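Asks: Below are the chains, spelled out letter by letter.
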Amino acid sequence: MTDRRWSSPVFRLKGHLDAILTGAKYLITPRATVRYPEEVIELPEGYRGFIEYKKDICISCGLCATVCPANAMKMYVERAAEPGEEAPAEEVKPKRYPGINYTRCIFCGFCVDVCPTGALEHVETHDVAYEDFNSMIYPPGEFAAGPPKPEFDTPPRRLRPTMDERRGIAYEPAD
Amino acid sequence: MMGLLEWILDLLLSPWLFVPLIYPGLISAFAVLLFIIWFERKLAAKVQLRYGPLYVLKRLGGAIQLVADLLRYLFAEPIVPDQADRLAFIFGPILLFASSYIAAIAIPISYDFYAFRSEISLLVVLGLNTLAPAFNLVIGWGSNNKFGLIGGLREGFLITADEIPMFVSALAMAVLYGTMDLVRMVELQSEWLWGIALNPLAAVTFFVLMLLSTSRFPFEIVEAESEIVMGPFTEYSGILYGLTMGASYVKLYVLSLLFAILFLGGWEPLPPLEFPGSWLILPGAVLFLKALVIMCLSVFMRAVYPRYRIDQALRLAWHYLFPASILSVFLSLLVLSGWSI
Amino acid sequence: MSEEEHVLELLIGPQHPASGHMRLVAKVDGDVVVSLRPDIGYVHRTVEKLAETKNYIQIIPLIERPPLADTANHNLGYVLALERLLGIEAPPRAQWLRTLLAEMTRIHSHFYGLGIHGIMLGSSTAFMWAFWDREIMIELAQRLTGARLTYSYMIPGGVRRDLPPGFEDEMDKALRYLERRIPDYHKIFFDNPVTRARLEGVGVLRREDAIRLGIVGPNLRASGVPYDVRKVDPYCAYPELDFNVVTREEGDSLARMMVRVGEIRESINMIRQILKKMPDGPILEERYLKMIPPKWKEWMAQHRRIKLPAALISLRPPKGEAVARVEAARGEAVYYIVSDGSPKPYRFRVVSPSIRNVVLFEHLIRNCRVADIPAIYGSLDYFPPEADR
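Protein chains in written order, with my numbering: chain L, 1 to 175; chain B, 1001 to 1341; chain Z, 2001 to 2389.
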């Protein structure tokens, strides 16, 4: 099955020419790069990014912590009031709420899919830089305060990717 | 005071200092080095649908990226391994770089501006140019690293394979012009045709050998990253590494100048100009541009080719390029006899 | 001279530009490699033992980690084994969706392999191009699953998401783009005379040796053995798909590369067929579907996703064992589970294609040249983490 044509020097010479011409052709094709901090790709709906936690509808079932394959989700014990205080019994009773450790989270989204009340939901961001590991751990209170947001010095251009027959992915301004 | 300034200017503009120091010597070699590596990266990036260097002076597409790199190399610590041969390790890159550029002193930049004019200036350029690869061997041996050793030996094999046919194909042009004086060669080309039209075979052979001897793709065999890390330069860091990396580009620069003189009519089509100053700027610029085009073509190959195996490169050199260079001598004779009839 | 005097021992890796996460111990005589021993295990991550400490569903993200780039196929193999253990089968639409993602993953995994092979030969253009074209499939997979690479898309009893709206059109454009690009790849890389010179006749694996050594995947098919699990032991939607098993006769590095290119073309055809023929219906097995609270039904239909029923997170398969095999991008992957009736497997075994192909290093890279080491390595599409697990 070896292609006999390759033993001919003329055919090989044509191969060299083809290669160089193809290279030259790509000198005028548009680039594919997205210059990240200045341009940001819009992530599709349903992207498994950071997790938004609605504490008010959480029923403390603990399924999210059970299903988490990376042990990133953990149930924290919280009391609205300390035992010795004057408070209704309801508030003294310990309640358990999930907190998340983003150093461990692998964004599989099982916790979101398993949550029976929809208290957990993905947001379409994933690009946040942290200064240290400790700040990546979100106990329930901070977890409920909303997902981390990326900070940019100048607001980036948002690009929406669409498939394109000629360029593969064409990035068009989203707004 | 003015007298002193004038004296210094005169001294600088005298060919004996201007040629080795400014153009085509050290300073322009550095400038070309900074440009061509950036341009190589830009070209490859464009073919590969990327930007390449961009953020250092963004307005010009990262044009001074290499200045930043040079600064980084300057301030990085050059580490000398304990087991290395210190003398060879430190002086190897310096001599490599120096010997890569030294051949530029014999290159004339106009009919009446040269450091020296000799009957055999072509041989001087070629001969001095052959010095450089020997220091690759020294570096490879001196750094006491297995990959370095293999890389140095590869260079050793390639020296003979590329320098001999290169001499022959350059001498084919000497046969054609009947002289080895580079200035005379340009003169003759202005009377006849450019060398590339007279003897295209020699031109093509010389060009491919240029790629081979300066380890451009597809002959990037000495440094072959995926095989032997960085070849002879594996152990290098800091400015010593910068010198080893720049050396092959400087060699490419000198050879491109030679190519432009041998085959592309040098500073043609400019006639000898009368007004003062013209001896320097215009012919020099024309020669420089021609050499630059050749260099850009050479570095463009990075975007097109993988690399040959060493035995394949040797076979190509000995089986195809060497016979081709001999043939080009005969072609020169044929052209000469055709001319005289 | 005695042999010791002129044989140089070269330690290639693990800190080497082209060694991957392993060390190759090469004995070199001049430019000829006398022997080469791969020193594997550098990225061993105890996947099998770790799996014994995890619930069945938690193993899904775990087994996606070793074979990176080829995640969906391995995910599929594990889920098929688990479904056999549980005695359930995913509904037809889920089967087709699984096949779709498996083929998309095959395309981008093959591009990954081709790109690495390109840079090992020194063609940075092939590397960059392959990694860009891989991005096309990753972008589409991201719309389908919500993640770029570690999809965790297939769960026992079905899949997690349905096709997003407009997916077929976008996929069609993407496939046409890939088809337009392949001729350019041929010109600049596959049919480049330098590539030919580097690969043709280098590292020839003869048919008998390939069978004797138990080689799998494209490396086997490049030696002329038309063995493909998708044909031999069809699973999911493969029985209903019309596709060829790409084979070559030569068995050299070029043949191995071209088999992958052929498979990319076949996968493109398969994806077209899948999108055309995909049946409607639920994407999760009925018994699990019933466990989802009714208030989620509307949400699920609207978002084209499912909610995980609580029962899935602590599956207790009956006592027994099950095995499943799939044709992953790099070859046949076998998954074996032993259950003792608890929520965690008693024993979990992965036989990945790379560990079966690692023997080729010793076999093929002998009496060839130093420069052939990366050329052959790249052609095997060997991925150390997949082998080490």
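To be clear, the hints were calculated from the coordinates, so they are not data collected in a lab. These numbers come from a predicted model, not from an experiment. Virtual Cβ for every residue (Gly too), placed ideally from N, Cα, C. Treat the hints loosely; a few may be bogus.
Claimed, not checked - Partial list, computed: chain Z residues near chain B (C-beta under 10 Å):
# : residue
1 : L2008
2 : N2192
3 : G2341
Asks: Decide, hint by hint, whether the structure agrees.
Replies: Hint check:
1. L2008: Holds, because the Cβ-Cβ distance from L2008/Z to chain B comes to roughly 6 Å (cut-off 10 Å).
2. N2192: OK, holds: N2192/Z within 10 Å of chain B, min 7 Å.
3. G2341: With Cβ-Cβ at 51 Å, over 10 Å, it is violated.
Hint 3 from the list above is the single one not met by this structure.
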